[in-house]
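Work out the full structure, taking the sequences as your base and the hints as a guide.
Using my numbering, the letters of the sequence shown map in sequence onto residues 319 to 778.
Please keep in mind that the hints were generated in silico from the structure rather than gathered at the bench.
Take the hints with a grain of salt, since some may be wrong.
What the hints assert, rightly or not - When the alpha-carbon atoms are kept at most 27 Å apart in a straight line, the in silico DSS-like pairs for lysine-lysine are as follows:
id, residue 1, residue 2
1, LYS345, LYS422
2, LYS547, LYS492
3, LYS371, LYS390
4, LYS465, LYS481
5, LYS441, LYS458
6, LYS465, LYS492
7, LYS356, LYS422
8, LYS537, LYS492
9, LYS410, LYS389
10, LYS681, LYS626
11, LYS410, LYS345
12, LYS371, LYS465
13, LYS438, LYS487
14, LYS547, LYS487
15, LYS681, LYS724
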Amino acid sequence: MPNVESIIIKRPEPTPTPIPTIYDQFKDIPPVTFEFYKADIHEILRTLARIAKLNIVIDESVGGTISLYLKKVKFSDALKLVAELGDLEFAKNGNILIVAKKGKLSEAFARIKIRSIPLKYLKPDEMVNTLKAILPEDTKVTIVPDKNARAVILRGPESEVEKIVPFIKNLDSKVRTETFKLENAITKEEAQNIVKMLSIVIPPENIQLDERQNVIIIKGSDEELKNAKDLISNLDKKLPQVMIEVKVVAVSTDATRDLGVEWEQILAGGISFGEISLGGTMERLTRLNFTLRSMVQHKKAEVLANPKVLTMDGYEAVIDLADEVPVGETVTADEATGVRTVNPTFKKVGVILRVIPRISKDKSSLLLELHPEISSITDWIDTEGHIVKKIPVIGTRKIDTFIRLKNNEPLVIGGLIKSEDVKELKKIPLLGDLPLLGGLFRFVKKVHTESEVIIIIVPH
Numbered sequence: 319m320p321n322v323e324s325i326i327i328k329r330p331e332p333t334p335t336p337i338p339t340i341y342d343q344f345k346d347i348p349p350v351t352f353e354f355y356k357a358d359i360h361e362i363l364r365t366l367a368r369i370a371k372l373n374i375v376i377d378e379s380v381g382g383t384i385s386l387y388l389k390k391v392k393f394s395d396a397l398k399l400v401a402e403l404g405d406l407e408f409a410k411n412g413n414i415l416i417v418a419k420k421g422k423l424s425e426a427f428a429r430i431k432i433r434s435i436p437l438k439y440l441k442p443d444e445m446v447n448t449l450k451a452i453l454p455e456d457t458k459v460t461i462v463p464d465k466n467a468r469a470v471i472l473r474g475p476e477s478e479v480e481k482i483v484p485f486i487k488n489l490d491s492k493v494r495t496e497t498f499k500l501e502n503a504i505t506k507e508e509a510q511n512i513v514k515m516l517s518i519v520i521p522p523e524n525i526q527l528d529e530r531q532n533v534i535i536i537k538g539s540d541e542e543l544k545n546a547k548d549l550i551s552n553l554d555k556k557l558p559q560v561m562i563e564v565k566v567v568a569v570s571t572d573a574t575r576d577l578g579v580e581w582e583q584i585l586a587g588g589i590s591f592g593e594i595s596l597g598g599t600m601e602r603l604t605r606l607n608f609t610l611r612s613m614v615q616h617k618k619a620e621v622l623a624n625p626k627v628l629t630m631d632g633y634e635a636v637i638d639l640a641d642e643v644p645v646g647e648t649v650t651a652d653e654a655t656g657v658r659t660v661n662p663t664f665k666k667v668g669v670i671l672r673v674i675p676r677i678s679k680d681k682s683s684l685l686l687e688l689h690p691e692i693s694s695i696t697d698w699i700d701t702e703g704h705i706v707k708k709i710p711v712i713g714t715r716k717i718d719t720f721i722r723l724k725n726n727e728p729l730v731i732g733g734l735i736k737s738e739d740v741k742e743l744k745k746i747p748l749l750g751d752l753p754l755l756g757g758l759f760r761f762v763k764k765v766h767t768e769s770e771v772i773i774i775i776v777p778h
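Take a look at the structure:
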């Protein structure tokens, strides 16, 4: 039997199909050119993510700096080079690129959370646009609209996702705008204080104050608007008013000496501040009024002022009974023209009373915060070669105190002695008016007078 050689024909083994890598998913992206020198690897990764139009989540294990100079290199090759230089691994979940150190990717991927939040009022696109406007640009959470389910989908680190959920629930409410008219807060400061309090319960960007119309415009949910209405009702209350009546009287010291003990008893009591005493009761007021009327009738006292001022509870009232007197001068020179300008300077002299009334809760008394200032000219100083020929020496006394009074109960401030030198011209009728010889029949008499200035304050 003839030998038959066996012929074995081996078929060529098929070339194995290469396993797709993550880098193959970026083959359609055009080549890139960029240069980085000792740049933070986070910055480089964010740049690559922007080119690929991806959101990126960078694990905490990633760090360091690298230098790169690439010119018209495939995007996938650039990404691969960054991975090699940074010892990194990539994974892609939807449009999120997840980056971690080699060996840490599975842990990083496990920390990624995907959550769908259904919406009731806002459309998904509106919600996404609003969130992008208020969230930081480098947020690690991807937010995409799901129009079919009327929801938004969050993808990112679990802790970051959970931070955004309350924002969505707060924004996805039945939002409307309401205007609140302020009835009693009439000043700019009062209205601004109400707005400041409202910002505690409502985002400040949703509150607008129209000072011209004295209204507050608020945008919010039904619950927010209800809270705002309740808060405004509590804050915008009509404040009670207080009438401050002040009487300033100059009493001749001769009269006070004649009255003796009786006058001291009228002004006695309360707190003593040097020469100024504080005190007063209804009985003293009756006696004081009776005594003053008698003094005025006999030209021994003069009512200098009797102002009344109306103010609100807790607001300052100022009663200014002072005059401006020249106390010096200021000189300004124009360097260009050499012209010197001289202007007198003035200071107030007299009585200035600042008072802040606060009504007690039971409305039975008032706490007065008092700041009276009493000043007078005590002497004159001659000045030569000046516009102001004489400048005054001004003595000032001040009190800063608190005192509690009942309604209509008086407060007496006394103790300021006022001295004046008055020149009186006396002449013989007809003869004193003769030209040339008239001086023989007239003369000037200097009269020194002293008076005590007292202030009576009565709150109503």
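Hints and how they fare:
1. LYS345 with LYS422: holds, 26 Å
2. LYS547 with LYS492: holds, 17 Å
3. LYS371 with LYS390: holds, 18 Å
4. LYS465 with LYS481: holds, 23 Å
5. LYS441 with LYS458: Answer holds: LYS441 to LYS458 is near 23 Å, not above 27 Å.
6. LYS465 with LYS492: holds, 19 Å
7. LYS356 with LYS422: holds, 24 Å
8. LYS537 with LYS492: At roughly 10 Å apart (the allowed maximum being 27 Å), LYS492 and LYS537 satisfy the hint.
9. LYS410 with LYS389: holds, 25 Å
10. LYS681 with LYS626: holds, 21 Å
11. LYS410 with LYS345: holds, 14 Å
12. LYS371 with LYS465: Between LYS371 and LYS465 the Cα gap is close to 21 Å, so the pair holds against 27 Å.
13. LYS438 with LYS487: holds, 9 Å
14. LYS547 with LYS487: This hinted pair holds, its Cα atoms lying about 22 Å apart.
15. LYS681 with LYS724: holds, 9 Å
Checked against the numbered hints above, the structure breaks none of them.
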